[in-house]
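Assemble the complex: chain E is given as a structure, and chain G must be docked to it using the hints.
Residue strings, one per chain:
2 protein chains.
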Amino acid sequence: MLLVPPQVAPFQPPRRTLLGPGPSDVYPSVLAAQAKPTLGHLDPLFVGMMDEVKALLQYAFQTRNEMTLAVSAPGSAGMEACFVNLVEAGETVIVCRNGVFGERMRQNVERVGAHAVVVDAEWGKPVDPQAVEAALQAHPQARFLAFVHAETSTGVRSDAQALCALAKQYGCLSIVDAVTALGGIELRVDDWGIDAVYSGSQKCLSCVPGLAPLSFSPAAVEKLKARKTPVQSWFLDQTLVMGYWGNANGSKRSYHHTAPVNALYALHESLRLLAAEGLEHAWARHAQQHQLLLAGLTELGIEFLVEESGRLPQLNAVRIPAGVDDAAVRTALLNDYNLEIGAGLGALAGKAWRIGLMGYGARRENVALLLQALAEVLRR
Amino acid sequence: MLLVPPQVAPFQPPRRTLLGPGPSDVYPSVLAAQAKPTLGHLDPLFVGMMDEVKALLQYAFQTRNEMTLAVSAPGSAGMEACFVNLVEAGETVIVCRNGVFGERMRQNVERVGAHAVVVDAEWGKPVDPQAVEAALQAHPQARFLAFVHAETSTGVRSDAQALCALAKQYGCLSIVDAVTALGGIELRVDDWGIDAVYSGSQKCLSCVPGLAPLSFSPAAVEKLKARKTPVQSWFLDQTLVMGYWGNANGSKRSYHHTAPVNALYALHESLRLLAAEGLEHAWARHAQQHQLLLAGLTELGIEFLVEESGRLPQLNAVRIPAGVDDAAVRTALLNDYNLEIGAGLGALAGKAWRIGLMGYGARRENVALLLQALAEVLRR
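As they're listed, the protein sequences go chains E and G. The working numbering puts the first sequence at residues 127 to 506. The working numbering puts the second sequence at residues 127 to 506.
Just so you know, the hints here were simulated from the structure itself, not pulled from any lab data. As the structure is a prediction and not an experimental result, all values here were calculated from the model. Hints should not be assumed to be uniformly reliable.
[What the hints assert, rightly or not] Calculated Cβ distances over 12 Å to all of chain E for the following chain G residues: (1) Glu-217; (2) Leu-292; (3) Gln-295; (4) Ala-352; (5) Lys-354; (6) Val-357; (7) Leu-420; (8) Ala-421; (9) Phe-430; (10) Arg-445; (11) Ala-448; (12) Glu-502.
[Unchecked claim] Which chain E residues face chain G? A few, computed with CB under 10 Å, are given here: (13) Ala-135; (14) Gly-146; (15) His-394; (16) Ala-402; (17) Ile-446.
[What the hints assert, rightly or not] Derived DMTMM-like pairs (lysine to aspartate or glutamate); straight-line CA-CA distance at most 25 Å: (18) G:Lys-294 / G:Glu-403; (19) G:Lys-477 / E:Asp-169; (20) G:Lys-351 / E:Asp-246; (21) E:Lys-351 / G:Glu-236; (22) E:Lys-354 / G:Glu-192; (23) E:Lys-351 / G:Glu-229; (24) E:Lys-354 / G:Glu-217.
Every residue, glycine too, gets a C-beta built ideally from N, C-alpha and C.
Isolated chain E (complex conformation) (with noise of 0.2 Å):
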């Protein structure tokens, strides 16, 4: 006797405007995209399409790294993927911690047992260069220096550009979580000298998520072809990934795991839309919108969390008016708006709404329609 099978309908999800952390507002044609007929991933079509990718994500990373792909999972797999590649146990890490995501960065590092020092800043507050530098001197045997460029939990920007560089001076490679950068502000992998970066591709990418693109610069390929343990995830070990995504100096692909084809179009489509905008237009884009929201939200008496030169144009956080309840206001805007903000993370859970305009999101109309939905809520 079987198992009687339930009753279930076709799912018809709703249009939703979605300005909160990521998912952000996904780009139609990437949609679309998606829905075209699977290929086998070892066609050569479909291979003929991951270089394509990969030549894509070099242009959004600014990178000529030759390792650049994307993880076939979540950004929280792309932020593993580094930590389980280039570090090995007994080794330092410098972990800036200033938020959910520098938090999760400490964990991967003790999970490949490695020793994280951990420089913390204010949730909200960028992490301090000159507590960095301190950080460097007081522990020479660190090999790696870890944070966060956009934290998305508090809408932060950190200066990755001066972190690398404190890096490089003390020795260390950088590794960079660039998953609510990528896309929405200015990020140059190879100019300023970034070693390992991964970002998801739910957020400035307008792509669906489930996927990590993912570089490494040759020095990073070298800490980890030099590797004394083989890598503790099967799954995420870049030595086998590579032979994968073709970077074997022009060799046959060798078979690793199935790749999420279907998701990968969508990749492409997304990088594709992004490329053909123009890094230095869509960061403008997301810079101006911001602008538009904060003069507006300014009139409605609501504050930011971040001071003036931290702040993401895509993420921005801010406080919750007194005696306004959090979560009916969020539930009035989804269900009476279908227009979804997040909630606040971690130490900032009842104090803080976090509003994305992320990618696709980062529209004139959608600043509108959030500034009015949430005027005629809180008038309620």
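Frame of chain E; chain G shown alone:
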């Protein structure tokens, strides 16, 4: 100065008939489901859909296991999730190896610092329960028995029911690779006493590639909860993912990673179609199409690699006839008929073709196309 963006056209894949080892032909409504509007991953409507996915997976696996979910990554990450969560360093795992994926299990065991006792069977033969029992007797310290139900590399079915009974008899938890099995042949997780099982979305479920269904028995969950050390992977740590999939007894969903929202729409739809067809009908359909293929290939003088009793209906490994150019035939099928079949893997490279009749692919028109196209190409 920024690097110049590459000029890339939208990708337009042709419609192929996918009769390789996976990805299989995807149901049209599954492709369409992916293109539906992206919801936030904490949206109540999306959370409700995840609950339906869980119920549908329980049906597909024939289990009441509370911990039943889809890992947000391909099947090989599902394999890794089983080993990194359940097995701790120093423990012993009996690993049955009769193809590529048994060997991959062994590598996973070693990467968690555990000891793998390998029970080999010839490629193309099922796992031998007598040899397994001898290993269980010789290694009383073993905590796990791991094997592949349906070996994708050779087209062989092993007797999962008998092997799980042996595991139970000798006090081991069973870890079963059901990547190619799920939906294609009889699989009864509860009745057979399977403790940990994983699959892939892109085989007999005929969903897009990228997700790994997973289920742990209460005994496996106990083992997980009794761990002395943290799970080495943060991304695959099921003690964290449990909260995300809402298994924590109705408590609020906690944020772990951003779910691959649109891929889960696709899985929901493919599982819904399987439940609507009914497992018995799906199993019978695979068996019927296999018989048609067998009859037709026999007429063409093409022999099966596997003895009749051990053949998988959904993955037909056949000998490449003497004097036939492997790659030339596959290329002709792909280019002239938009028809993909699989090459041999590992020890069978150049010696075998793998013809998949999986899920939506297991249809009479596909068998007919393959037989006619292959006959024409072999006559050239």
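At 12 Å, judged by beta carbons, does Ala-421 of chain G keep clear of chain E as stated?
26 Å, holds
Would the hint on Ala-402 of chain E stand, with a C-beta cut-off of 10 Å toward chain G?
This interface hint holds because 7 Å falls under the 10 Å limit.
Lys-477 of chain G and Asp-169 of chain E were given as a pair; does the straight-line alpha-carbon distance stay at or below 25 Å?
This hinted pair holds, its Cα atoms lying about 20 Å apart.
If you draw a straight line from the CA of Lys-351 of chain E to the CA of Glu-236 of chain G, is it 25 Å or shorter?
20 Å, holds
Does the claim that Ala-448 of chain G lies outside the interface with chain E hold up, using a Cβ gap greater than 12 Å?
25 Å, holds
Agreement of Lys-354 of chain E and Glu-217 of chain G with the hint, judged by alpha carbon distance not exceeding 25 Å:
23 Å, holds
Interface exclusion of Lys-354 of chain G relative to chain E, criterion Cβ beyond 12 Å:
15 Å, holds
Given a cut of 10 Å on the nearest C-beta pair, is the interface hint for Gly-146 of chain E held or broken against chain G?
6 Å, holds
Given the hint that Lys-294 of chain G pairs with Glu-403 of chain G, test it: the Cα-Cα distance must not exceed 25 Å.
33 Å, violated
Checking a non-interface call: every C-beta of chain E should be farther than 12 Å from the C-beta of Phe-430 of chain G. Is that right?
22 Å, holds
Mind checking the CB of His-394 of chain E against every CB in chain G and telling me if the closest is under 10 Å?
His-394 of chain E check passes; min Cβ-Cβ to chain G is 5 Å, inside 10 Å.
Are all beta-carbon distances from Val-357 of chain G to chain E longer than 12 Å?
8 Å, violated
When the structure is compared with the earlier hints, violations turn up for hints 6, 17, 18, 20, 22 and for no others.
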